[in-house]
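Can you build the whole structure from these sequences, using the hints too?
Keeping their order, the protein sequence lines are chains A and B.
So in this note's numbering the end of the first sequence lands on 368, straight run, no missing numbers.
So in this note's numbering the end of the second sequence lands on 368, straight run, no missing numbers.
Think of the hints as simulated: they come from the structure by calculation, not from any bench.
Glycine included, each C-beta is placed from N, C-alpha and C at the ideal position.
Treat the hints with care, as some may be off.
On the chain A side, residues computed to face chain B include the following (Cβ under 8 Å) [said to hold, decoys possible]:
| no. | residue |
| --- | --- |
| 1 | VAL235 |
| 2 | ALA239 |
| 3 | THR242 |
| 4 | HIS303 |
Protein chains: 2
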Amino acid sequence: MAKSRRRFPAQTAATLAAAPFISTTATRAKAQASRRLGVALCGLGSLSEHQIAPALQKTRHCRLAGLVSGTPASVAKFQAKYGVPDRSVYGYDDMQRMADNPDIDIVYVVTPNALHAEHTIRAARAGKHVFCEKPLEISVERCQSMIDACRYAGRLLGTGYRCQYDPHHLECIRLVRERVFGAPVILQAGFAIDVGRPDQWRLQHALAGGGALMDVGIYALKATRYLTGEEPVVVSALETKTDPVKFAEVDESMAWTMRFPGGAIAHCSTSYRIDGIRNLRVDAERGWFELDPAYFYDGNHGRRSDGIEIRHPAIDLFAAELDDFAQCILEQRPSKVSGEEGLRDVRILQAIYESARTGRAVEIGG
Amino acid sequence: MAKSRRRFPAQTAATLAAAPFISTTATRAKAQASRRLGVALCGLGSLSEHQIAPALQKTRHCRLAGLVSGTPASVAKFQAKYGVPDRSVYGYDDMQRMADNPDIDIVYVVTPNALHAEHTIRAARAGKHVFCEKPLEISVERCQSMIDACRYAGRLLGTGYRCQYDPHHLECIRLVRERVFGAPVILQAGFAIDVGRPDQWRLQHALAGGGALMDVGIYALKATRYLTGEEPVVVSALETKTDPVKFAEVDESMAWTMRFPGGAIAHCSTSYRIDGIRNLRVDAERGWFELDPAYFYDGNHGRRSDGIEIRHPAIDLFAAELDDFAQCILEQRPSKVSGEEGLRDVRILQAIYESARTGRAVEIGG
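See below:
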């Protein structure tokens, strides 16, 4: 990691601008013909097994076409279930071989947070588009290196913000944009989970980069941004830790407050200690609406102050985000969950950590 | 006010300790005989007219026995409705005459925040017990002067925290105390109202001492204290203002976060701009519970993560708090909504304002 990390900043914007643009014509023509882009799953943990691989079966524009893993048993299980050929199976260290594999168009990076840059950049250098789980990475610099690498390769980078495909969230966004209840005044969002076993990578700072805030608090943060359509200008945060052994390396519980330029204020909380708060609420000038639960894979629903329920048929959010990403590639348009979007959240996450550490409100720069 | 304010600090604890203790025996004997203590309403605004005076008719241990006002029309209205005799009607400047009126045991101060000390001290000097609306006053020093004056006079001082008599809140307190869902991890509380007309005293700093935070945010603050049973150790706050004309002198919207010594974290919000958030929620180790609405005169109710509803028959909260205060006097026991309790909240309110002003987390001293 350390070696890779040092290498990335050398790719400055100037260098990239001068670099040759790699045409996506061949990929596009093939994909448009078959209507399905090949997706390689990079990281075969629980999320890939239980959510993403099954979701790929439900997509219209994608198919599971490759595997990247360091765990032979996982590879065997995925191959047996999904029939991925041996020639499309890779280790993390030989992803460059993908360059010769026309079956793979997209690499979906589902590895621990602090490996996202390494795996994304390898995929991009192999000429693949990259869809990466949230958080995009553990620092702004690493996020930028991923954006740069994909831009240099002429490939698209997306961030796995599935909630932006949830019709409940889309309905909430519409309520704000159309000022159905007027301008938002107070936003409230929180997501807390019992993280479970103490021996997992999520509790190791080197791999996770942070704890509850980076993993689930990010949902609350992101929601306040896409709901207001604004970038917060200042954040103030407090941390609390009740189990300093289990949470020796990462944050256990955090609460933070943000002010938006339009005058709205958001207060958010997160925790790794409990399955608890998982809501989203907007109090606007003439009414309010809320989702609770807001961030589940399914079962999200909500209500409005005028008595109207917010409830839509469940859709597979992973299938939806992947189909949209494939369409962005096919239609050569930007993704609403771009790498830049992922970077913006990481910048704010870092400001939240800084505020919690220093006890000072932190202004968030561009 | 300025004159009175300068006078109070001169009453030091040492002076008070040396002062003669005024016996309450006569008052107590009379009251126990009749079972009803005479209450004089000091301030005949909307709260007195629509809530407190009607509530007094429902009490078991009190009766409306006196009026203090500077508005003859209000006095006439109250006299006509409740038959208060002329001899028990006072102006703010001649409350000392109450000393000779055995019909009045308690003065309920319902005037603007920054007049509470003046009116409380006058009532105490006339030998009356004082029940004072929240916030107790607009500074810690003024709160202390009220506590000192009542102690010097040998009279009880209570703060109008009606929610601590709401069976829904009492149920929530029990859920935490008995650890029904384990220890609290994240508390969330907010209360926002559309304050209404721009020409009222609540928007004048000299009379109100603050805006939304002092008036309704205090409910959220207080709730986090009586739910945890702990005092917050540090607070971090942000303010936002969208209407700098209407809210030129006081805070419009605030969000703040507090950490408690047991490790719980609370995030709270308040606003004068909108009728919005009015909830209370505790996410604990093994479940959660919430009230929404939590702070209304009636209609409060809630739910628990185990599916059990929190719903009790409505009671008159003003009658309940007054009956308890009367019983405290009769039984010579302290009130759970003491003046000291009122002071503690004002100290935290000041820390919240300081944090919002300075952009720094503020530690809350004892």
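Against the structure, the hints:
no., hint, verdict
1, VAL235, "10 Å, violated"
2, ALA239, "7 Å, holds"
3, THR242, "4 Å, holds"
4, HIS303, "15 Å, violated"
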